[in-house]
Structure formats: structure tokens, C-alpha cells
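Engineer: Residue strings, one per chain:
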Amino acid sequence: MALLQAGPAAAPGGAADPALARGGGWRRWSRWKSALFPYALNAPAVLALLALVAYPVGLSFWISLHKMNLRRPKSFPFIGLDNYANALASPEFRAALSVTLKFTGLAVALIVGLGLCLALLLNSEVKGRGILRALVLVPWAIPPIVNATLWQLIFDSHVGAFNGLLLQFGLIESYKAWLVDPAIALVVIVLAHAWNHVPMATIILLAALQAIPRDLYEAALIDRTPRARVLWRITLPWLWRPILVVVILQTMGALRAFDLFYVLTGGGPGNSTTTLAWLTYQTSFVYLDLGMGSAYSYVIMGLTLFMALVYYRGLYKRGDVA
Amino acid sequence: MRRKIPWITYAFMALAAVYLLAPVLWLFLLSIMTQAEALSTPPHWIPEHPTLANYMAFFSPSERQSLMGADAIAAMPRAILNSVIVGVGVALGNVVLGSLAAYSFARLDFRGSQTLMFAYLVSRMVPAIGIMIPLYVVMQRLGLLNSLASLIIAETAETLPFSIWLLAGYFRTIPRELEEAARIDRCTWLQAMLKVFLPVALPCLVATAVFGFMSSWGSFLYPLLFTAGSSATTMPVVISNFATDIHTDYGLLATSGMFAILPPFVLALWFQRWIVSGVTSGAVKG
Numbered sequence: 001m002a003l004l005q006a007g008p009a010a011a012p013g014g015a016a017d018p019a020l021a022r023g024g025g026w027r028r029w030s031r032w033k034s035a036l037f038p039y040a041l042n043a044p045a046v047l048a049l050l051a052l053v054a055y056p057v058g059l060s061f062w063i064s065l066h067k068m069n070l071r072r073p074k075s076f077p078f079i080g081l082d083n084y085a086n087a088l089a090s091p092e093f094r095a096a097l098s099v100t101l102k103f104t105g106l107a108v109a110l111i112v113g114l115g116l117c118l119a120l121l122l123n124s125e126v127k128g129r130g131i132l133r134a135l136v137l138v139p140w141a142i143p144p145i146v147n148a149t150l151w152q153l154i155f156d157s158h159v160g161a162f163n164g165l166l167l168q169f170g171l172i173e174s175y176k177a178w179l180v181d182p183a184i185a186l187v188v189i190v191l192a193h194a195w196n197h198v199p200m201a202t203i204i205l206l207a208a209l210q211a212i213p214r215d216l217y218e219a220a221l222i223d224r225t226p227r228a229r230v231l232w233r234i235t236l237p238w239l240w241r242p243i244l245v246v247v248i249l250q251t252m253g254a255l256r257a258f259d260l261f262y263v264l265t266g267g268g269p270g271n272s273t274t275t276l277a278w279l280t281y282q283t284s285f286v287y288l289d290l291g292m293g294s295a296y297s298y299v300i301m302g303l304t305l306f307m308a309l310v311y312y313r314g315l316y317k318r319g320d321v322a
Numbered sequence: 001m002r003r004k005i006p007w008i009t010y011a012f013m014a015l016a017a018v019y020l021l022a023p024v025l026w027l028f029l030l031s032i033m034t035q036a037e038a039l040s041t042p043p044h045w046i047p048e049h050p051t052l053a054n055y056m057a058f059f060s061p062s063e064r065q066s067l068m069g070a071d072a073i074a075a076m077p078r079a080i081l082n083s084v085i086v087g088v089g090v091a092l093g094n095v096v097l098g099s100l101a102a103y104s105f106a107r108l109d110f111r112g113s114q115t116l117m118f119a120y121l122v123s124r125m126v127p128a129i130g131i132m133i134p135l136y137v138v139m140q141r142l143g144l145l146n147s148l149a150s151l152i153i154a155e156t157a158e159t160l161p162f163s164i165w166l167l168a169g170y171f172r173t174i175p176r177e178l179e180e181a182a183r184i185d186r187c188t189w190l191q192a193m194l195k196v197f198l199p200v201a202l203p204c205l206v207a208t209a210v211f212g213f214m215s216s217w218g219s220f221l222y223p224l225l226f227t228a229g230s231s232a233t234t235m236p237v238v239i240s241n242f243a244t245d246i247h248t249d250y251g252l253l254a255t256s257g258m259f260a261i262l263p264p265f266v267l268a269l270w271f272q273r274w275i276v277s278g279v280t281s282g283a284v285k286g
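Order-wise, the sequence lines are chains A and B. Numbering follows the UniProt record's numbering, in which position 190 of the first sequence is assigned residue number 190; successive positions increment by one, without gaps. Numbering follows the UniProt record's numbering, in which position 217 of the second sequence is assigned residue number 217; successive positions increment by one, without gaps.
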């Protein structure tokens, strides 16, 4: 992410703290100590992450190779890849995969589109952009569960603001229950999800816009290049990399989206909003089939980690990481 | 040399402001309406009888209110307290564990440091939904279900990689001479840390704590799995119960949402600069 100045540049590989190496008569002990010291400092964090992230990632895969149902806690037979085979064969899984792809595609497109528009707006030298920059943080600060509640209250069939607006503009005769319409429920969730996540895209793209050298624009100004052409020939070419970063981060975010589905639709109506994340939750904690649930969750994990790999390999410069 | 700003830019800015604010505004409006007014069609965009009754209800509900939202009202104070405890625990865990690890990246040269930082960053990408089942099993075996400890532990692990990354970046900007001067004055390493280094790093320590707190404040999946239905549950779970109950009083529901957004709002405004740079790095959970 060269454009974004993502991290502080790699530290110059300085020697260990010189004061640590000075140990009087204890020189050997102190040299040994200073060699171990950095690892000791990392030990608590590493242990925590091994126990709470790495081990669960492994255990999740192990469970997915077994039949495990909380209704029969004693039985834990090894069944190899059967859970995955069953998943691929089941229409539920395929439907959930297709809903997930639809949701992710729509949400990411909307987030990138709106984020780009907002970033361009915030980058123009207008009075009042400072206020708007603070306002962009408003949706970002809202916890996902409140975001869900918020949009439920907007699309509600009794008090919904959306119904109210449509009625006042004469577009509908009476209030409608939008969330029970299979064709619309997913769109509502996409809108709600996008609203919550647009700020992040905006902030990343705005930072990228501000990194574009000013003299390019000044040259265009002297040449009287039309605005649209400046956008197309100068701005967008500088933005493709940050846009890709946003696409990848948002795809990972959309794959794990859960809270909105819990509050707004519960996967319904029918299974029109049952994504992989929702199917995983339901299989695991409603039907208590942890084996199958683990297999589903591993599909999400696989997709997410694949995106992460693309991100770090292709977009994150090596120097920024360390 | 500047281009003239066309009026259309201002129109778009107004539109953007409406888009960003209107949804929260609706929540606020519902929170100061009575149930009767909330249900009026078409909606009252300006409440005719604004009232704080919904806010007061969480301290002493009226008869009708306690009928419409009894469980949520009763559970809310405890849930807010739980959320605060977990948030503070997560914040402290991040600052302590994060500073230790971050210091090694900023000051010490050791084999495998690049690999280790890479491992931290990759572990941040693991989705909670992917490891919720084994974590649930682990918490169950440790007897930690229905306890605040399970939430503090799980959410500290979730936010720690980002904290390490953030702190390491800031620690690198602190001049080495500061600690060397302290060492020459015969301070031990620990004294040099506590008296010289950490006070200089304070702004970033606070920012790390704020990020940790905000992240745990909004966290829903872990509390839902580990503590739902017990007295150790947090606010998002109570709100979700409230929101999925079809007999809900709309004003009370909106008000509970207002309670939940207040702390992150204040923190986001206060730490605007830090949040922007944190998000820019692409490292804050989206």
C-alpha cells in the first residue's frame, strides 16, 4: 500500500539496546538475556493468540472432520471429508453460497461507489468539508447491532420512515412490510450494511486522493483540461490500488456479516437472506450440529484467508509489514 | 490558481450530510416520541409532544412501559455495566500485552521479527464466525460460559494484533535518546519504561485503549454465544432481544439504541484524528 503510507517504514535494523548489552561481570548472562528479551516481550501476546486464534482455527478443522452434535455429546466419530461432501451436495449450502455472493457483490459495489463519491467530495476544496469529514465518522461509530435496529426502525411496517416518505410522496397507498418480501429483504440488508461501512472506504480513499501530487492537477489546470478528463486520466489511475484494498477488506467484512441478519431477517423470508455466516450459526447453535457447522465456517474462513493472502502478497508492501 | 466550485458540489455535500445523518436522526426522533406518536401515519417528522419518558423508563418505568419492554428495561442497566467492564478489560489487556510486544518491534532487533509481525497481521484476518465453534467448546470446557471473563479473553485476542501494529508504529517515532538518558541515570529498564518511555507514548496508549473499548462495545457474536440469557450478557445482546421482539415499544427500542451509540460517538469525536489514521492503515476492523 505504497500510496496510503500504510505503516511506518521499516525500522532501520538497529542493534539491540546498547544499555542492555552492558552488563558488568554478568556479561554472558546479560548477552543471553538480551537475546531472549524480545521473545519474552512477545510471549504473552503470542500465547494468547495461539490459544485463542491459532488453536481454534486448527480445532475447527478437526471438528469439521467429525460428526459432532451437542444433542449427542458422547459421540464424536471421525468421518473424514463427509461434512464437506454433504455440504457441496446440499441445496441449502448452494443457496446460501449464492445469497452470500449476491450480498457481498452488491454490498461491496455500493460501498466502493458511495465511498469514492464521498471521498472525491471531501477532497474538493469547499467550505464546510471539515464538518462533513467529522460526519463521515457517524455511521462508523455505530455498533452493528444498533445499525441493524436503526434500519429495522426505518423499514418497519408500522413506524418506518421509509414507508412514511413513500406515502407522503404518493408512491404507495398504505404501509408495506418490506422485510417479509423475499425480493427486497436482501436489498434492505445491503443498504444497511453499506451505510455502516461506507465511512471506512471513504477514509481510505480520501487518504489516497490526498497522496496524489498536486502538480499533476496544476498542470491540468494550466492546460484547461476538462474536469471529467482530469478525473479519468489523473485521479482514477492513482486510485486503482487503494480501491482494490477497499474491495478486498470489504469483501472480507461482508463474508462475516452476521448481526444485521440476526436482527433484520433471521435468514428469511424463506431462506432468501440465509448467507453462509447465517447458515453456519443456525446449523451450529440452533440445530447444534457442530461438525457440519464447522465445515460451513471453514468455507467462510477459506474465502476470507484467500482474500487476506491476496491482500498481503499483492498489495501490502513487505516493508510496511515489519 | 483555483477552479470555481460549482453550486452542484454544495448540493452533493448537503445530500451526503443527509445520507450520513438522517438514519441516526430517525432513531433520535423515535426515542423522544410516545408510542402513540411513533405510530402515527404519516410520521411526525417533528414530534408534536417531545418527551424524555423513554429515557426515564430505564430508571423507573411507567406501568405501560414496563408491560411493553419489561425484560429489556430490567436487563439494560446490568448489561450496560457488563459492557463497560468488558470494554475496560479489553482496553487494558490490549494496552499491556500490546505495549510489551510492540516495544520489541520498535527497539530490539531479533530474528523472526518480520515473520512474527506478519503472523500477527494474518491472525487479525481470521473471522470470528470461523472460530466461534471451537471457542465455544473451549469456553465450555474451561467453565467460562456465562462469565464476563470469556468475553474479555476472546475480544482481547481479536483486537490485540491491531493494537500491536498501532503501538509499534508509534513507539518507533519516540527517540531512543530518551531511554538512554534514563539508563545513564542508573534507572533499571523497568524504571526507564515506567518513568520515561510510557509517559511519552501515552497518546497512543490511550488510542489503543479506545479502539479496544469501542470494538468490544459493539461486539455481538461472542456475547450472544457465550453469555446470552445469563446475567453476564452485554448490551448488544439485550438490544437484539428487544429488537426481535414483535411486541416491542418503538420508543423504548430507539432509546436503548441511543444509549448504545453515545459512548462510541463521544470517543469517535474526541479521537477523530487517531481513528482516521487507524482506518487509513486498513488495519481497523471494517
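Where hints are given, some of them may not hold.
[Claimed, not checked] Pairwise CB distance ranges, derived in the manner of DEER restraints:
id: 1; chain 1: B; residue 1: SER231; chain 2: A; residue 2: ALA43; range: 51 to 57 Å
id: 2; chain 1: B; residue 1: PRO77; chain 2: A; residue 2: PRO182; range: 35 to 41 Å
id: 3; chain 1: B; residue 1: SER231; chain 2: A; residue 2: TRP238; range: 38 to 44 Å
id: 4; chain 1: B; residue 1: VAL96; chain 2: A; residue 2: ARG133; range: 28 to 34 Å
What the hints contain is simulated information worked out from the structure, not anything from laboratory work. All C-beta atoms, glycine included, are put in the ideal place defined by N, C-alpha and C.
Engineer: Now look at each hint and say whether the structure bears it out.
Structural biologist: Hints versus structure:
In this structure the supplied range 51 to 57 Å is violated for B:SER231 paired with A:ALA43, their Cβ-Cβ distance being about 34 Å. The given range of 35 to 41 Å is respected by B:PRO77 and A:PRO182, whose C-beta atoms sit roughly 39 Å from each other. Range check, B:SER231 to A:TRP238: about 54 Å between beta-carbon atoms, so the 38 to 44 Å window is missed. In this structure the hint that B:VAL96 and A:ARG133 lie 28 to 34 Å apart at CB holds, the actual value being about 33 Å.
Hint compliance for this structure: hints 1, 3 are not met, and every other hint is.
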